[in-house]
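There are 2 protein chains.
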Amino acid sequence: MTVKERVESLRKLMKDRNIDAYIIPSFDAHQSEYVADHWKARAWISGFTGSAGTAVITNKENGLWTDGRYFIQAAKQLKGSGINLFKMGQPNVPTFIDWLYDILDENAVVGFDGRVFSVSDIKKMEKKFSKKNIKINVKYDLINLIWKDRPAIPMDKIFIHDVKYAGKSRSEKINEVRKHMKEKGATTYLLTSLDDIAWLYNIRGNDVNNNPVVTAYALIKENESYLFISKEKVSKDIEEELCKEGVKVREYNEIQKYIEDLKDDDSVLYDPVKTNSWLYSLMPNNCEKIEEDNITTLMKAVKNDVEIGNLKKCHVRDGVAMVKFLYWLKNNVGKEKITEITASDKIENLRSQQQNFKEISFDTIAGYKDHAAMMHYKATPDITYELENEGMLLVDSGGQYLDGTTDITRTIVLGKLTDEEKFDYTLVLKSHIALATVKFLYGCTGTHLDAIARQPVWKYGLDYKCGTGHGVGFFLNVHEGPHRISPALNSVKMEDGMIITNEPGIYKEGKHGIRTENELLVVKDEKTDCGQFMRFESVTYCPYDLEGIKVEMLTEDEKEYVNNYHKMVYKKLSPYLNKEEQNWLANATKEI
Amino acid sequence: MTVKERVESLRKLMKDRNIDAYIIPSFDAHQSEYVADHWKARAWISGFTGSAGTAVITNKENGLWTDGRYFIQAAKQLKGSGINLFKMGQPNVPTFIDWLYDILDENAVVGFDGRVFSVSDIKKMEKKFSKKNIKINVKYDLINLIWKDRPAIPMDKIFIHDVKYAGKSRSEKINEVRKHMKEKGATTYLLTSLDDIAWLYNIRGNDVNNNPVVTAYALIKENESYLFISKEKVSKDIEEELCKEGVKVREYNEIQKYIEDLKDDDSVLYDPVKTNSWLYSLMPNNCEKIEEDNITTLMKAVKNDVEIGNLKKCHVRDGVAMVKFLYWLKNNVGKEKITEITASDKIENLRSQQQNFKEISFDTIAGYKDHAAMMHYKATPDITYELENEGMLLVDSGGQYLDGTTDITRTIVLGKLTDEEKFDYTLVLKSHIALATVKFLYGCTGTHLDAIARQPVWKYGLDYKCGTGHGVGFFLNVHEGPHRISPALNSVKMEDGMIITNEPGIYKEGKHGIRTENELLVVKDEKTDCGQFMRFESVTYCPYDLEGIKVEMLTEDEKEYVNNYHKMVYKKLSPYLNKEEQNWLANATKEI
Numbered sequence: 203m204t205v206k207e208r209v210e211s212l213r214k215l216m217k218d219r220n221i222d223a224y225i226i227p228s229f230d231a232h233q234s235e236y237v238a239d240h241w242k243a244r245a246w247i248s249g250f251t252g253s254a255g256t257a258v259i260t261n262k263e264n265g266l267w268t269d270g271r272y273f274i275q276a277a278k279q280l281k282g283s284g285i286n287l288f289k290m291g292q293p294n295v296p297t298f299i300d301w302l303y304d305i306l307d308e309n310a311v312v313g314f315d316g317r318v319f320s321v322s323d324i325k326k327m328e329k330k331f332s333k334k335n336i337k338i339n340v341k342y343d344l345i346n347l348i349w350k351d352r353p354a355i356p357m358d359k360i361f362i363h364d365v366k367y368a369g370k371s372r373s374e375k376i377n378e379v380r381k382h383m384k385e386k387g388a389t390t391y392l393l394t395s396l397d398d399i400a401w402l403y404n405i406r407g408n409d410v411n412n413n414p415v416v417t418a419y420a421l422i423k424e425n426e427s428y429l430f431i432s433k434e435k436v437s438k439d440i441e442e443e444l445c446k447e448g449v450k451v452r453e454y455n456e457i458q459k460y461i462e463d464l465k466d467d468d469s470v471l472y473d474p475v476k477t478n479s480w481l482y483s484l485m486p487n488n489c490e491k492i493e494e495d496n497i498t499t500l501m502k503a504v505k506n507d508v509e510i511g512n513l514k515k516c517h518v519r520d521g522v523a524m525v526k527f528l529y530w531l532k533n534n535v536g537k538e539k540i541t542e543i544t545a546s547d548k549i550e551n552l553r554s555q556q557q558n559f560k561e562i563s564f565d566t567i568a569g570y571k572d573h574a575a576m577m578h579y580k581a582t583p584d585i586t587y588e589l590e591n592e593g594m595l596l597v598d599s600g601g602q603y604l605d606g607t608t609d610i611t612r613t614i615v616l617g618k619l620t621d622e623e624k625f626d627y628t629l630v631l632k633s634h635i636a637l638a639t640v641k642f643l644y645g646c647t648g649t650h651l652d653a654i655a656r657q658p659v660w661k662y663g664l665d666y667k668c669g670t671g672h673g674v675g676f677f678l679n680v681h682e683g684p685h686r687i688s689p690a691l692n693s694v695k696m697e698d699g700m701i702i703t704n705e706p707g708i709y710k711e712g713k714h715g716i717r718t719e720n721e722l723l724v725v726k727d728e729k730t731d732c733g734q735f736m737r738f739e740s741v742t743y744c745p746y747d748l749e750g751i752k753v754e755m756l757t758e759d760e761k762e763y764v765n766n767y768h769k770m771v772y773k774k775l776s777p778y779l780n781k782e783e784q785n786w787l788a789n790a791t792k793e794i
Numbered sequence: 203m204t205v206k207e208r209v210e211s212l213r214k215l216m217k218d219r220n221i222d223a224y225i226i227p228s229f230d231a232h233q234s235e236y237v238a239d240h241w242k243a244r245a246w247i248s249g250f251t252g253s254a255g256t257a258v259i260t261n262k263e264n265g266l267w268t269d270g271r272y273f274i275q276a277a278k279q280l281k282g283s284g285i286n287l288f289k290m291g292q293p294n295v296p297t298f299i300d301w302l303y304d305i306l307d308e309n310a311v312v313g314f315d316g317r318v319f320s321v322s323d324i325k326k327m328e329k330k331f332s333k334k335n336i337k338i339n340v341k342y343d344l345i346n347l348i349w350k351d352r353p354a355i356p357m358d359k360i361f362i363h364d365v366k367y368a369g370k371s372r373s374e375k376i377n378e379v380r381k382h383m384k385e386k387g388a389t390t391y392l393l394t395s396l397d398d399i400a401w402l403y404n405i406r407g408n409d410v411n412n413n414p415v416v417t418a419y420a421l422i423k424e425n426e427s428y429l430f431i432s433k434e435k436v437s438k439d440i441e442e443e444l445c446k447e448g449v450k451v452r453e454y455n456e457i458q459k460y461i462e463d464l465k466d467d468d469s470v471l472y473d474p475v476k477t478n479s480w481l482y483s484l485m486p487n488n489c490e491k492i493e494e495d496n497i498t499t500l501m502k503a504v505k506n507d508v509e510i511g512n513l514k515k516c517h518v519r520d521g522v523a524m525v526k527f528l529y530w531l532k533n534n535v536g537k538e539k540i541t542e543i544t545a546s547d548k549i550e551n552l553r554s555q556q557q558n559f560k561e562i563s564f565d566t567i568a569g570y571k572d573h574a575a576m577m578h579y580k581a582t583p584d585i586t587y588e589l590e591n592e593g594m595l596l597v598d599s600g601g602q603y604l605d606g607t608t609d610i611t612r613t614i615v616l617g618k619l620t621d622e623e624k625f626d627y628t629l630v631l632k633s634h635i636a637l638a639t640v641k642f643l644y645g646c647t648g649t650h651l652d653a654i655a656r657q658p659v660w661k662y663g664l665d666y667k668c669g670t671g672h673g674v675g676f677f678l679n680v681h682e683g684p685h686r687i688s689p690a691l692n693s694v695k696m697e698d699g700m701i702i703t704n705e706p707g708i709y710k711e712g713k714h715g716i717r718t719e720n721e722l723l724v725v726k727d728e729k730t731d732c733g734q735f736m737r738f739e740s741v742t743y744c745p746y747d748l749e750g751i752k753v754e755m756l757t758e759d760e761k762e763y764v765n766n767y768h769k770m771v772y773k774k775l776s777p778y779l780n781k782e783e784q785n786w787l788a789n790a791t792k793e794i
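Top to bottom, those sequences are chains A and B.
Using the working numbering, you'd call the opening residue of the first sequence number 203 and step up by one each time.
Using the working numbering, you'd call the opening residue of the second sequence number 203 and step up by one each time.
Treat each hint with caution, since some may be false.
Chain copies aren't distinguished; within one or between two, either way the pair holds.
Unchecked claim - Okay, derived cross-link-like pairs now, SDA-like style, lysine to any residue, Cα gap no bigger than 25 Å in a straight line:
| # | residue 1 | residue 2 |
| --- | --- | --- |
| 1 | Lys370 | Asp439 |
| 2 | Lys423 | Ile362 |
| 3 | Lys206 | Lys281 |
| 4 | Lys381 | Ile299 |
| 5 | Lys774 | Val340 |
| 6 | Lys532 | Lys624 |
| 7 | Lys548 | Pro777 |
| 8 | Lys661 | Lys769 |
| 9 | Lys667 | Glu728 |
| 10 | Lys326 | Glu494 |
| 11 | Lys710 | Glu728 |
| 12 | Lys341 | Ile299 |
| 13 | Lys624 | Glu758 |
| 14 | Lys214 | Met203 |
| 15 | Lys713 | Ser546 |
Derived from the structure by calculation, the hints contain no laboratory data.
Computed from a prediction, not measured in an experiment: that's the story for all the values here.
Let's have the full structure, built from the sequences with the hints guiding it.
What follows is the structure, encoded as structure tokens:
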């Protein structure tokens, strides 16, 4: 079936049910950013395969909304589909809610599957649509009726994440949640985010590619706690281990009964952005509802000392794999056939040889020359470039290890560069350094720090249409909140122990794409009369490419940063490299 | 009556009326930042005379909440009063609402005058207090019963602000408001902010010192518009002029009838932060209420071309007054007796000789040595210092002119400085330059830009406990929103035509205070593939003090900024100075 045929089939089903517009978001029933293939309905209906986007099919027009990471890719993939691209966050681009409000007639009906929309999404729609008496129908998963070869819901076994990695037992974590519940006056905590549940109970699974989460719900009461999950995923041993710390395992769908059974004097705490509207609709009218961001997300984001010790060791192994990759690539490009795909395979293979490695943490982005201008490019056999002795290859990759999750980007010089390419490479590095070296007062959020990273590129009329950094899980999702560094107004303070990426870039369509990304650990700096100051510590260990740098564009302070960073990289990684690799790294980290 | 006696009298009245806590904010019935003396109840009850603060008197403890500008001053003025100082925005300092919630018993009663609290304040309190069943009583202005010599409400005549200054007629402005009302589906716009009303109707008055506003309400209907004001303030001629453009004048208190008379099919638009809870209580239940920030505030903040042309000319005259002051001060300090007060008088006198001058735009802050560490210090005869040939004098001052409002701070070197003083002076200048020279993408708000200004001082563990910049009116309030540059999350984009101050500082209690402040105009920079870039243009013309600068701490770019700025200052001001002053300015602006 072509995309056009899929859309036509959907329209027929919509017509039969008097639905004028049908919305297909990227989410599963847990509002996950990355989902099992079963839930990739939006990619199936639209042909756009990026990780984020919302498709809207109406009886007249169709639209797909996505963010700056995917503008180029989406434009390509939507070509000829009859679905218009809406570039989110660009001037005069309406949200899909505003767009629907404008094009639909009074009394129209908007439909979608209630499980894949959050409470807060629904509330936003209801508010806007009420003025035109547009109604919402959440009953139908219409895609399921036409997607004949839809992948099954995954059924892999879950496993325990040892406390020697996690640093904190599940009972300690549950008690912290209970303390918070008490402060809020809640008797029940409903938790639906897969990574929060995995973190809370120290369990992991294989339900989503690259994200070691398990599809489950959790309910914390004052004296009991529950894990709702397909029981065939849980071995006897694991059920016993969970039970020892008071966690009772129940069937996935039993959550319905537990929510419906809430009493009038119960008070349920949940995150309206993460809880789906189906669960919300089950809550009895009279029980108190307290809405707030999941406290577990903040708890999970602030890494404990054991996790920090672990992740630093994990990053050394990840850096070793990266350096072996760089050494191989620089020595073999132009000599043997290397494509974007074989390069991706190589770095995956090198990572897989490292201790504690489980899988890659996201689909590797390996974009050569103008392909790299697509921020979240994925090479496929029909479009992959063969690498030559010129230009740059952008490689954004990472690994899932038992003792950490990594995410690193290096833009690698393969040969001769134009002056513009070197200029842009250096500008990106200046932005990267600006953030890496910033000292800031405690209380700052990523909103305050974002413009500091953008300053060097803005100076030349350049910008990158995405955030500067995101949180990273600990053997969990490669993107995790609640903190981030981006222009969006965010009130989450940067806390000692948080991990955040530092990934400014320059993307010139049809020319080149450059991104330089390290993970940063938030640490305390000095405390003065003016307050507690904070700074970042780079925990990614891999050289920047000296061949890309126009040294004369760097200030003395910037050069000092590069030299110190490179000194540290050599010291940390060289013990794990062979002689040739050591020599290569010594040269790649030489003083500038 | 001492403050203690005042508080005791208030407590008696509270007891008689079963009120457990009484709140006295800084506001008038229009939520103005600066108010007529009649409304200075908080200063009267507490003894703290700063422009911002909230006093809370309970039957047990008393508190006063104020912000970083006033920490030192408030601590001094509250000494021995039995009122505790709460430093807003500092770690672990509760808001007065949270504090009241904690110390009051269940079912307690909190009282205040409903006119001086906004709709949004009341809603916040109601939400918090409901959990402990704490009730709110808005009936009594208890201060009025004990403040025997309370100043009368001002009754000065209003005058027309000529369109040759304002650049836009009142009918044009009213039509823009009506266009917005239509977009929002509103039949009625209730406007209560004094500066917005003065701007909208092109009128000015003398009701508040330094703020040429008039105490009034405005109501815009689809076909009529009204000004509610004490009729004795409006001459026949002015009433006719207003009437010609469709503005009907009504008595101040008639607003009550107009609000009560709103019909069921009316839809009233108002700003819940600016509208007092008394007016809100008058609105019929069935008329639709639309709450949003006053659109007039944004319209007023974006200066039109005529205003921009005018304010630049106005700043030249203001700069001439400043340079004459600097020349006089530098030449006479140590020779004749000059105090903080006589210095303030001098700059006021020099401004008053300039064309179009009406009054100063706020109480001059002239703080010598450690007095300057109090950000909003006001010299009084008993504490004023005499100036000597050493240290620095901080002068923050401004004027109200028919063609603009000015606000400038210079920290003036009077003789020998310590190394620390020079270091700090230069650091503040570096922060000032960082903001003055920033190039940013359209869409940025003051939240994004704040940390850019703070970077140079943060680097050395220093900070200033206030915002970096505020909007400035056009022959109106010296502080105006909706934009500002501060860490507080603010979603108002920096628009071409906005004015914002640039005033970083370093304040060391018991040592010195340094602030360097210019007004900046937001202008467009280049437009590239990445979007519209923006930058600032300094519209304050007055030299920085070269005697304070450690030139070796400045980068080449920073030196270039100072030299270019000084070249412009000399060019703009020298034609209006005498020979000696010109020579002095030439030296004061010489290349570094």
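Each hint tested on the structure:
1. Only within a single protomer do lysine 370 and aspartate 439 lie at most 25 Å apart by alpha-carbon distance; the minimum there is 20 Å, versus 78 Å between protomers.
2. Within a single copy, lysine 423 and isoleucine 362 get their C-alpha atoms as close as 22 Å, which meets the 25 Å cut-off; across copies the closest is 67 Å, which misses it.
3. For the homomeric pair lysine 206 and lysine 281, the shortest alpha-carbon distance inside one copy (11 Å) is at most 25 Å, but the shortest distance between copies (77 Å) is not.
4. In the homo-oligomer, the alpha carbons of lysine 381 and isoleucine 299 lie at most 25 Å apart only across protomers (23 Å), although the nearest pairing inside one protomer, at 38 Å, exceeds that limit.
5. Within a single copy, lysine 774 and valine 340 get their C-alpha atoms no closer than 54 Å, and across copies no closer than 67 Å, so neither meets the 25 Å cut-off.
6. When the C-alpha separation of lysine 532 and lysine 624 is checked against a cutoff of 25 Å, the pair qualifies only within one copy, where the shortest distance is 17 Å, while the shortest distance between copies is 51 Å.
7. Proximity of lysine 548 and proline 777 under a CA criterion of 25 Å is satisfied intra-copy only: 22 Å inside one chain copy versus 72 Å between copies.
8. When the C-alpha separation of lysine 661 and lysine 769 is checked against a cutoff of 25 Å, the pair qualifies only between copies, where the shortest distance is 23 Å, while the shortest distance within a copy is 30 Å.
9. Taking the shortest Cα distances, lysine 667 and glutamate 728 sit within 25 Å of each other only across copies (18 Å), while inside one copy they are farther apart (34 Å).
10. Proximity of lysine 326 and glutamate 494 under a CA criterion of 25 Å is satisfied in both settings, with 16 Å inside one chain copy and 17 Å between copies.
11. Taking CA atoms no more than 25 Å apart as the test, lysine 710 paired with glutamate 728 passes between copies only; the shortest distance there is 18 Å, against 40 Å inside one copy.
12. Proximity of lysine 341 and isoleucine 299 under a CA criterion of 25 Å is satisfied intra-copy only: 19 Å inside one chain copy versus 43 Å between copies.
13. In the homo-oligomer, the alpha carbons of lysine 624 and glutamate 758 lie at most 25 Å apart both inside one protomer (19 Å) and across protomers (23 Å), since each shortest distance falls under that limit.
14. Taking the closest pair of Cα atoms, lysine 214 and methionine 203 come within 25 Å of each other only inside a single copy of the chain (15 Å); across copies the shortest separation is 82 Å, beyond that limit.
15. Within a single copy, lysine 713 and serine 546 get their C-alpha atoms as close as 21 Å, which meets the 25 Å cut-off; across copies the closest is 60 Å, which misses it.
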